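When you get a sec, could you build the whole thing from the sequences and use the hints?
Protein chains in written order, with UniProt numbering: chain W, 1 to 458; chain Y, 1 to 458; chain V, 1 to 458; chain B, 1 to 458.
The hints are simulated quantities; they were obtained by calculation from the structure and are not laboratory data. Only a predicted model underlies this, so the values are computations on that prediction, with no experimental measurement involved. Note that CB positions come from ideal geometry on N, CA and C, so glycine has one too. Take the hints with a grain of salt, since some may be wrong.
[Claimed, not checked] Simulated restraints, written as ranges between beta carbons of each label pair:
#1 V/58 to B/434: 16 to 26 Å
#2 B/141 to W/317: 21 to 31 Å
#3 Y/352 to B/192: 26 to 36 Å
#4 Y/168 to W/47: 39 to 49 Å
#5 B/434 to V/301: 21 to 31 Å
#6 W/47 to V/141: 43 to 53 Å
#7 B/169 to W/162: 35 to 45 Å
4 protein chains.
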Amino acid sequence: MSDAPYDFTIETLGPCKVKSPIQLSNVEGDFIANYVSDDDYVRYRLDAYIDQVVGPCKQSELLEKAGPRENIFFNPSHVHAAIVTCGGLCPGLNDVIRALVRCLWHRYGVRRITGIRFGFKGLLPEYGFETLPLTPELVDDCHKTGGSILGTSRGGGDRVVEIADAIEKLNLNMVFIIGGDGTQRGSLEIAEEIEKRGLKISVVGIPKTVDNDLSFIQKSFGFDTAVVKAAESVAAAHMEAHSQINGIGLVKLMGRESGFIATHTAIASHEANFVLIPEVPFELDGPKGFLHYLEDRLRKRHHAVIVVAEGAGQDLLEGEGGTDDSGNKKLADIGVFLRDKMAAYFKSIGMHINLKYIDPSYQIRSAPAAPIDSIYCERLGNNAVHAAMCGKTKLIIGLVHNKFVHLPIKVVTHKRNYVDPEGSLWRDCLDATSQPILMVNDKEAFLRNSLNRSKAKK
Amino acid sequence: MSDAPYDFTIETLGPCKVKSPIQLSNVEGDFIANYVSDDDYVRYRLDAYIDQVVGPCKQSELLEKAGPRENIFFNPSHVHAAIVTCGGLCPGLNDVIRALVRCLWHRYGVRRITGIRFGFKGLLPEYGFETLPLTPELVDDCHKTGGSILGTSRGGGDRVVEIADAIEKLNLNMVFIIGGDGTQRGSLEIAEEIEKRGLKISVVGIPKTVDNDLSFIQKSFGFDTAVVKAAESVAAAHMEAHSQINGIGLVKLMGRESGFIATHTAIASHEANFVLIPEVPFELDGPKGFLHYLEDRLRKRHHAVIVVAEGAGQDLLEGEGGTDDSGNKKLADIGVFLRDKMAAYFKSIGMHINLKYIDPSYQIRSAPAAPIDSIYCERLGNNAVHAAMCGKTKLIIGLVHNKFVHLPIKVVTHKRNYVDPEGSLWRDCLDATSQPILMVNDKEAFLRNSLNRSKAKK
Amino acid sequence: MSDAPYDFTIETLGPCKVKSPIQLSNVEGDFIANYVSDDDYVRYRLDAYIDQVVGPCKQSELLEKAGPRENIFFNPSHVHAAIVTCGGLCPGLNDVIRALVRCLWHRYGVRRITGIRFGFKGLLPEYGFETLPLTPELVDDCHKTGGSILGTSRGGGDRVVEIADAIEKLNLNMVFIIGGDGTQRGSLEIAEEIEKRGLKISVVGIPKTVDNDLSFIQKSFGFDTAVVKAAESVAAAHMEAHSQINGIGLVKLMGRESGFIATHTAIASHEANFVLIPEVPFELDGPKGFLHYLEDRLRKRHHAVIVVAEGAGQDLLEGEGGTDDSGNKKLADIGVFLRDKMAAYFKSIGMHINLKYIDPSYQIRSAPAAPIDSIYCERLGNNAVHAAMCGKTKLIIGLVHNKFVHLPIKVVTHKRNYVDPEGSLWRDCLDATSQPILMVNDKEAFLRNSLNRSKAKK
Amino acid sequence: MSDAPYDFTIETLGPCKVKSPIQLSNVEGDFIANYVSDDDYVRYRLDAYIDQVVGPCKQSELLEKAGPRENIFFNPSHVHAAIVTCGGLCPGLNDVIRALVRCLWHRYGVRRITGIRFGFKGLLPEYGFETLPLTPELVDDCHKTGGSILGTSRGGGDRVVEIADAIEKLNLNMVFIIGGDGTQRGSLEIAEEIEKRGLKISVVGIPKTVDNDLSFIQKSFGFDTAVVKAAESVAAAHMEAHSQINGIGLVKLMGRESGFIATHTAIASHEANFVLIPEVPFELDGPKGFLHYLEDRLRKRHHAVIVVAEGAGQDLLEGEGGTDDSGNKKLADIGVFLRDKMAAYFKSIGMHINLKYIDPSYQIRSAPAAPIDSIYCERLGNNAVHAAMCGKTKLIIGLVHNKFVHLPIKVVTHKRNYVDPEGSLWRDCLDATSQPILMVNDKEAFLRNSLNRSKAKK
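Encoded structure:
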């Protein structure tokens, strides 16, 4: 990765002059958890070269460690906090909500915590949703079910002025916004609008993307759970394919821009023969196209399992359908498209197939978090509260190199995380599937174009 | 952590002069996975201070990246590889075996792969176990079941000469040893004995500890699966405790030296009220002892769930029972001890309790790997093969800062990984349980002793 | 139900003159399992009226008990048995295959057991499938995975002469046919063709219908597993619906003619608000149509979960698509139809909804059997072998009043099993959903028509 | 079975003169569920002989069908109902509570429903437990968790006068008692005490026994769930045994008097090599004792899995420990006993074994109900309410020949249900394990004694 330097400096609302009530210590050896200092940083860059001398570390190149500080910005008894969940469902939403509420209430003694219903729309007057007062009792068991107890919706984040109005009217001091890329871009604009009005309100994001496509953070919450559930669908496809004459199991998995779920699932299950992801273009027709390789596989092994990420092969689809409420480009349905193309192809060559198409999307998104995700969500939530209490703002909580850190929203929403087609993850996936490295007919031309495209992007 | 500097240099059997057959590339943009260079390093230390100048990086302070090299040491057609699994069961053993076999066979074309039965004992003549020839067909579905298809056993790793004899007799070029702390110490001695004999044999370890107590590596395989299963036991204990008059659910979890499973499980499930781990001593009796706090909880809430790591409170137990076959100190059974102490205490104060004791150990250890662990095992196995083919030896494959790296066995077995009682993990666990920070009567004296103990250790 | 009397007499190939090798006993109290006598019958009719005198029981009105007989028809050392699985996947197929093989092999000493590949097509020359010799080793772990290790396909059962030719050519003495309604009708014709040729070949069916729509038998294998899996989909739909503004979760479940899966799933999960099954017609439009009731529910509760059996509301769909390979009428897709109708309706009234459509079909059909189904399959298989060894033919093994019995194929395929809209199962389902009893506008007219239709059927 | 005739007549509090509010119908063809008539009966005896003439059916020999009646005894608006759960946990308790509350509230309009806390102890003054008012809201999601939301305890059912006092004081009209054998015997005595006082109070039992040892009913709720969970433990034992040198997995399952769970689990999993149940005595020592057969198995196959029901082999254990709070004889622990005996035996013959003992008891009892059990519980609860509303009393709701019926408590508690060692279930279990039919040394003497014992019983 040849990243340009990022500015990781975190903004704050002002100096921290309130003594934290959470009763940790700064003494080593007293068995009391320690406060984190604002001087604790983590390097972002891990790569190193022998004999290299590294110049003086600038703050802007280092990541601030998350965690409770000895001095905080807000007086807990004055705090009114709000929580909102935006975008599609993702395993672990309730775990995060629960952690936020419990940490605010038990650790800091905050008693006014307000749940915003159904995403940003819960702050827009025309919907008329009432807010939901949150207490530890109310959230006690919510992590055992999927979904979001607050409700969620797409979009609305661009109506910055109205949302800032609502936040001001509610007299909030801190807003926790759980949502993806688009949502966090909205968060930033809202924070800027608030700042413009001279209000001291922390805006802290908890990044949510089941696709795991946020850059900088090592893994997004809910991702592990998604892979667990996706592996069940691939197992089903495998069973169907194995039990039929020329059985084909086609599973469409989430992954609008990045094929992480598809790739991980294929490695975990070892039952997919083809994985199609957005990062690796492919052609359908011709002697080196996907359909031909699939035919080949069927002739040799009589069954095949294909995993396709929803964002794969978008260049193959003509029609497009605008954008959804979150402003995301609507993808044409590659799953249905592939299904129909395969049916047509094998009909055209007179080969009988048994094609089963599985689209488990909502069953994955709505699942309760697996324990590993629950732990992650709990810790994200706690650290988000610690950050907000210190008046830090316009940041998200992330896990980088296994450390919880503060990341500026501006930096995080700047680029996406992709499966590197030449990296070790995709290499291990190809080993698991035995599929061809590239399914294109004129490889030379393809690589030339690919290079040009990537230049044009920069 | 104030670690002394470690020497991370990896030993090799000699220069790599064979062209790798795995057909990766060094070209960026050709969609072909790249070789890893021996000059690719990862920093071990992440902590950073502003304006700090870092002197020239020495190789010994950097971690070598794992992965396939362009040039390798062994000629694949001459390779005879062996795989052995040692110690107790751990979810993912079969996944690692499977990855080793498939990578050797499909990537490098190695055709002689031998499974050693039942740990190091499979190499000792008096047991008379035959070896098991391994092929991709044989291991194809083995990852779907728990256990080890090779069988495993404790101990035997100290019989260095006989094991080296057996390895020599089998004409092996590389030995993959999957096992824990004690096992890897044995691996090192075996590798040294082999070296003394002038043999060119790679010894590569894959670290296995369900307790997650190996230092340097960020997480051991099987750990996530263990937490998933352990959380089921805590849920059962919670149900029992809730449904009875003064119901107490006591769950003993694995964790001889480190309480990671107990701590993670408590955070994941949020249903434990007390977590007892080796890292945090506690007293049973007296007004600030565990039993009193438990009584308190029962009087207020009428039920309680306790999670105890098997290595917790060992100072409270008199009798000890020597060592097991692996040379590990045998722990007295804290679960049964606590159960009996609680029963006696509440009888003595005339309080009726309903105590249910759950010890899920084998149900956890024998579980098949959860998908996340399957992926991890697959990648560990692949990287172990790449290292061995390059003639690297006396190393284990580890995951550090989310990168697969080579770690010298000598360094890894040097110290253990502990839950830091003053770190964020334990802090989040205390938040999840609401238990007292310390359950000791004379805190001053305790802390003085604790300080002395920790000084004495150094 | 006012059933006409059925003739339950079982046909046999001839007198049983061979002493069974299975070494059971006829002595009570010797702890050795007892043979079943051909005089052991079970009443089919359970209804009783006080003071009613029941005339002499005719054999034709009684059900013959399944189980091992002291004397059998075939000499086990001469037996060549074949097993074939037909139609769609169903949890438990492999369990049945496994039980057949093990009982033939271990209990009776049969050594020639042949698996027919991919349904009846495996017996048709143009497909050219080789048969698969079956042994206990080969089937040992097959019950742990879903699907059918033999493969399956639809149709072909009407090519009676060719199939009989193939059976004759293979020198089979007994054929075990695992399949549904249509398959068993084929089995009967094949058995008759065989009989016409003067061959002594037992044809024994194991009834397979995941829909549970075979009459006489109390439950078909795989049904319980299907409900377990279906309940997971309903839970997902519920989570999605709850977490969205006017969230609607629509789940299509299997059930071509009968709504058993939908009904049981709704009672089990208690999360469905509407269950639509083939047995209870409904209208979409009008003030008492489904859409109006759904709108009502949304206005009051803001979310709704709908479970629809695939055969529901077929009268509402215009286009039809002929028949599938099994000769089953192809159903138009009620799930997609309803989804589109709902979208159009709520658009037309300007009400924003969030509709998530879940079709878990293949994930249900391909699941491995839950333990309860495994037990059932095991016992079906054993009893099928016992029946075939006695030369009984043209029968299926069924569970009636919790007893395993022999049922003539002719009788079983004569009618289907339906959810009785006025019985206790549907009553309990309505209690679980709180949906209206009938969603039709002109109830009087509807009931008149309904009455006429049911008259016409008779 | 040569049962003496039972009197199945159900007692009632008086004539039913109140029109039921539940709005069913008696018209066939109107799509409205039908009332059940008091003249609807089901035969208990299914066995039939050809040409047998059956004399006039007496009411006392027939089972009354459960379900809603057109006329009921109680005026719903006057009803005060109570629910109590007794004895150990069992999957499905909350499902039954939920169904009772919902049917009372929604179907009949009853508004006073009281939960008794912690079993009969909740009615005894010295415990001072407050009652819990129950509403549909409160029970809405309770079926998703295991345990009992009311709490449960053993014993207390013999304190008939005090319990009747408490019932009288609460002004109850109907009491639903969920509990086992001992509990229902208590229910009967309580009902008789109430009757003696001239009070019109329905006492309706819902039989609960995870062991499935209640006679007459075909299966108790929670049993299927128990088998599902038990199969997981056997799978773990199998993995451990397979992966060790002379690995032995020993699993203790529930089953005080009857081995149904052990037997079903062994058939479902096919991984047990020995199943030991109370119904089939065995000897440990000698050439035909269990230990010898086990040694044999280890010498041949090197691993073994043993499933033992807690009530098995009680004659082998000397010490006994009185009775528990429910008045059940306390069993000595056969699991620990066997574990120690095996260890000693193999030590004595110098054979190294690896023995893993798994006791999953509470993890099974506390599990939430599997969907099939949820359905069963729902229907048991509904039918219990229908019975109570009609003033029927001293009965339990049972499932017999797949019909829900009323059974007099007196009859049901009269004998237990056992695994018949000569029946088809045990036969299929022996086929699954391949264990010897009898593990006794002097078979002749054993059978003589066995015969005498069984005579003495009669």
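Point to revise | CB-CB spacing for residue 162 of chain W and residue 169 of chain B relative to the 35 to 45 Å hint | key: Since residue 169 of chain B and residue 162 of chain W have Cβ atoms about 60 Å apart, the given range 35 to 45 Å is violated.
Exercise for review: Kindly confirm whether 26 to 36 Å is satisfied by the beta carbon distance between residue 352 of chain Y and residue 192 of chain B.
Suggested key: holds, 29 Å
Point to revise | Beta-carbon spacing of residue 47 of chain W to residue 141 of chain V - inside the hinted bounds 43 to 53 Å or not | key: Check passed, 46 Å falls within 43 to 53 Å.
Exercise for review: Hint says 21 to 31 Å; check whether the CB-CB distance for residue 141 of chain B and residue 317 of chain W agrees.
Suggested key: The hinted range 21 to 31 Å is violated for residue 141 of chain B and residue 317 of chain W, with Cβ atoms some 42 Å apart.
Review point. In this structure, is the beta-carbon distance linking residue 168 of chain Y and residue 47 of chain W contained in 39 to 49 Å?
Key: holds, 40 Å
Practice item. Given the hint of 21 to 31 Å, check if residue 434 of chain B and residue 301 of chain V actually sit that far apart at their C-beta atoms. Key: violated, 56 Å
**Study point:** Beta-carbon spacing of residue 58 of chain V to residue 434 of chain B - inside the hinted bounds 16 to 26 Å or not
**Key:** violated, 42 Å
Checked against the numbered hints listed earlier, the structure breaks hints 1, 2, 5 and 7; every other hint is satisfied.
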